[in-house]
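Peer 1: Protein chains in written order, with the working numbering: chain A, 118 to 578; chain B, 113 to 375.
In short, the hints are calculated from the structure, not lab data.
Backbone N, C-alpha and C fix where the C-beta goes; we use that ideal spot for every residue, glycine too.
Do not rely on the hints blindly, as some may be mistaken.
Said to hold, decoys possible - Restraint-style ranges between C-beta atoms, simulated for each label pair:
(1) B/R264 / A/P411: 58 to 66 Å
(2) B/A246 / A/M369: 34 to 42 Å
(3) B/S240 / A/R383: 40 to 48 Å
(4) B/G193 / A/A378: 31 to 39 Å
(5) A/A378 / B/L121: 42 to 50 Å
(6) B/S240 / A/N316: 54 to 62 Å
(7) A/R568 / B/E260: 55 to 63 Å
Chain by chain, the residues:
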Amino acid sequence: MSPTLLLLLALGLGLAGWLAARARAWSFRRASPDGRLASLPSYHAWYVALWIVLPVVIFVAAWSAIAPGLVTQAVLASPAADQLPAFGFQRQTILNEARAVATGAAQGVFNPLANEFVEPYRQAIGKYNWIGIIVTVLIAFLGGVWAFLRLKPDFAARNRVEKIVMAILLGASLVAILTTLGIFVSLVFETIRFFGMVNPIDFLFGTHWGPDPMANAANPDPTRYGAIPLFWGTLFIGAIIAMIVAIPLGLMSAIYLTQYANPKLRAWVKPALEILAGVPTVVYGYFAALTIAPAIRDFAISLGASSASSESALAAGLVMGVMIIPFVSSMADDSIAAVPQAMRDGSLAMGATTNETIRRVLVPAALPGIVAGVMLAVSRAIGETMIVVMAASTAANLSANPLESMTTVTVQIVAMLTGEGSFDHPATLSAFALGFVLFLVTLGLNFIALRVVKRFREAYE
Amino acid sequence: MVTVVHPNLTDTDAKMSARDVSVFYGEKKAIDNVSIDIPTKYVTAFIGPSGCGKSTFLRTLNRMNDTIPSARVEGEIMLDGEDIYRSGMDVVQLRARVGMVFQKPNPFPKSIYENIAYGPKIHGLAESKDELDAVVEKSLRRAGLWEEVKDRLQDSGTALSGGQQQRLCIARAIAVDPEVILMDEPCSALDPIATAKIEELIDDLNGRYAIVIVTHSMQQAARVSQRTAFFHLGKMVEYGRTSDIFTNPLEQRTQDYITGRYG
Ligand SMILES: Nc1ncnc2c1ncn2[C@@H]1O[C@H](COP(=O)(O)OP(=O)(O)OP(=O)(O)O)[C@@H](O)[C@H]1O
Ligand SMILES: [Mg+2]
């Protein structure tokens with residue numbers, strides 16, 4: 118029986134417990150002299166229902182992890198197991214075929230020997246299904262009875278439910294944190310493997326990038342693993358060109374919206390601006406590749422540039438800049454709006470114009486928040502993949518000319534992982550090292566930005 | 113009902129004069145037909161129960177109400193005989209001539225020096241760094257703050273104590289050499305000692321600038337002002353010499369208010 122069915126069963130039992138507990142709480146209520154309970158009947162009901170469902174959920178999670186192992190063990194204990202090859206691929210194939218037939222996923226087998234195991238599998242699966250169902254019912258029953266017996270007129274079911282809910286929420290947030298940690302750890306492992314093959318110094322400071330996935334994996338050429346051109350391409354596109362677009366436009370729109378726009382206009386423009394952040398980046402990618410890049414190339418050629426390419430850093434950077442305008446503007450907007458009105462009044466009362474007030478008082482006072490917004494935007498930009506994949510190029514190029522094609526860390530991660538190299542080839546593993554560097558840099562930027570924002574919030578409280 | 117102006121009030125040199133001024137917030141009338149002459153040489157106090165429109169009226173005197181979109185002013189307000197609400201009036205210049213100090217000290221998050229230098233810089237009042245230094249020192253001296261901060265001019269203005277911050281704000285207002293200084297409850301966020309310092313300062317400044325102060329403290333009005341106007345429900349009920357208003361009010365409502373019977 119599949120975990121889904123077990124869970125449905127648990128929900129059914131939970132519902133039964135819910136109804137029973139509510140009925141009981143109502144009977145308490147009718148019996149009590151003032152018609153009041155310490156907690157509402159629905160809290161009693163939820164308390165019991167949670168005590169039924171949660172243990173079952175935990176059991177089902179554990180059971181679905183261990184049951185297949187138990188089934189295999191039982192099958193191997195059957196008399197036919199003696200005929201199996203001792204180890205290896207074939208043994209596994211035979212068992213898989215038998216299991217597939219036993220569960221009805223396949224009709225017949227290739228390997229005649231597998232037929233011997235179909236029946237043992239059927240029996241084992243059936244047996245453990247029954248065990249699963251019985252244990253589920255048992256756990257649900259025990260949990261339900263235990264909780265049900267605790268119900269009393271003065272039972273603080275409400276506080277208990279509160280605690281259980283809190284635990285569930287905590288569990289949910291742990292999932293996110295543990296996932297991050299897991300990602301980080303796996304990244305670190307692969308990175309260490311890579312650095313075992315290529316010296317970190319060569320990687321971090323080398324100026325030529327061109328891993329060859331077909332070369333001998335045991336003896337990589339360290340001069341082909343210099344990531345500086347990628348770091349440069351990333352910085353140039355994400356932190357320089359994109360910011361030259363995003364900072365002035367984002368800041369000016371924030372100033373306009375907070376200081377000049379009338380409320381009606383603001384109510385329209387601000388969400389419209391924020392929609393920019395919701396456009397899928399791949400759409401920006403089309404736009405960059407199909408519209409902006411050719412336009413820039415034609416423009417460059419008309420100016421007489423010879424090296425104009427249709428995959429320019431400028432195209433990717435410009436579009437990326439537009440994409441992150443909302444990040445800059447919404448943070449700037451928030452922090453300018455957070456500057457106390459008294460500051461603005463003080464300046465206006467000195468005879469400053471709105472414009473002078475903005476330049477000399479509001480923006481300096483809001484600067485930490487604005488800077489934090491820019492840093493978040495930078496970290497977003499350098500982690501961005503789609504736009505550069507579509508509009509920049511895959512050729513590493515260490516150049517300051519925005520019209521030339523360049524590549525970035527993220528593009529190379531994609532290129533290396535989808536390349537022809539085997540998984541343990543240094544060319545493939547370099548993707549993890551690149552990802553690791555990117556992870557550290559964006560983590561650092563986000564960390565600093567959040568600290569700055571926090572300090573800034575405190576400044577006015 | 114019209115305002116009762118004490119007959120012995122014979123000021124002839126009005127720095128500012130309001131004629132039939134009404135102020136609306138949207139449809140709501142917050143000030144109803146107020147006329148008053150604010151003398152050049154004296155401190156004028158506005159008193160009255162909360163919400164009667166003292167701040168509103170004060171803010172019309174340097175057009176700070178312009179910053180509130182729903183506010184609308186009717187009537188005439190003259191500064192040296194010139195209507196400050198006429199079209200073509202330079203509000204920026206007006207506010208340099210009629211400075212304002214707020215209830216809560218609001219120094220800019222800049223250095224003490226930059227706080228004072230702010231006005232002179234935007235109005236181009238100092239040609240050189242030396243001149244600016246001189247203006248800063250003079251303003252801080254007048255505000256009685258120089259001795260306390262002269263060694264830490266580069267420290268942030270927000271790092272000062274509340275009373276020092278308020279004197280900094282007064283110094284900031286003085287730095288552009290205004291003709292009138294409007295103060296809206298300048299001591300309400302301060303302790304008695306800091307309050308005494310500000311009152312002393314107002315005394316010192318008296319005569320050099322026309323000063324208008326809004327206050328909730330009868331004692332303060334009695335101590336620092338020579339003229340007092342009593343506001344009630346958007347109207348100015350009574351106006352006269354401070355000594356007369358406090359000892360010999362002509363209106364029952366004034367009498368009730370200053371004896372603490374309501375408000
Ligand atoms: N920005 C505004 N928008 C709408 N109504 C306002 C605004 N500011 C003040 N009012 C209203 O105008 C009236 C006068 O307010 P004002 O602040 O001038 O009173 P006040 O005498 O200064 O009171 P307090 O002594 O409490 O400071 C009040 O009824 C107030 O609700
Ligand atoms: Mg007020």
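Peer 1: Determine for every hint whether it applies to the structure shown.
Peer 2: Here's how the hints hold up against the structure:
One distance hint, 58 to 66 Å for the beta-carbon pair B/R264 and A/P411, holds here, with the actual separation near 60 Å. The hinted range of 34 to 42 Å is satisfied by B/A246 and A/M369, whose Cβ atoms lie roughly 37 Å apart. About 42 Å separates the C-beta atoms of B/S240 and A/R383, a value consistent with the hinted range of 40 to 48 Å. Checked against the given bound of 31 to 39 Å, the beta carbons of B/G193 and A/A378, roughly 38 Å apart, stay inside it.
Hint check: A/A378 to B/L121, Cβ distance near 47 Å, so the stated range 42 to 50 Å holds. As the Cβ distance of B/S240 to A/N316 is approximately 60 Å, the hint placing it in 54 to 62 Å holds. Checked against the hint of 55 to 63 Å, the pair A/R568 and B/E260 fails, with Cβ atoms roughly 33 Å apart.
Of the numbered hints stated above, the single one contradicted by the structure is hint 7.
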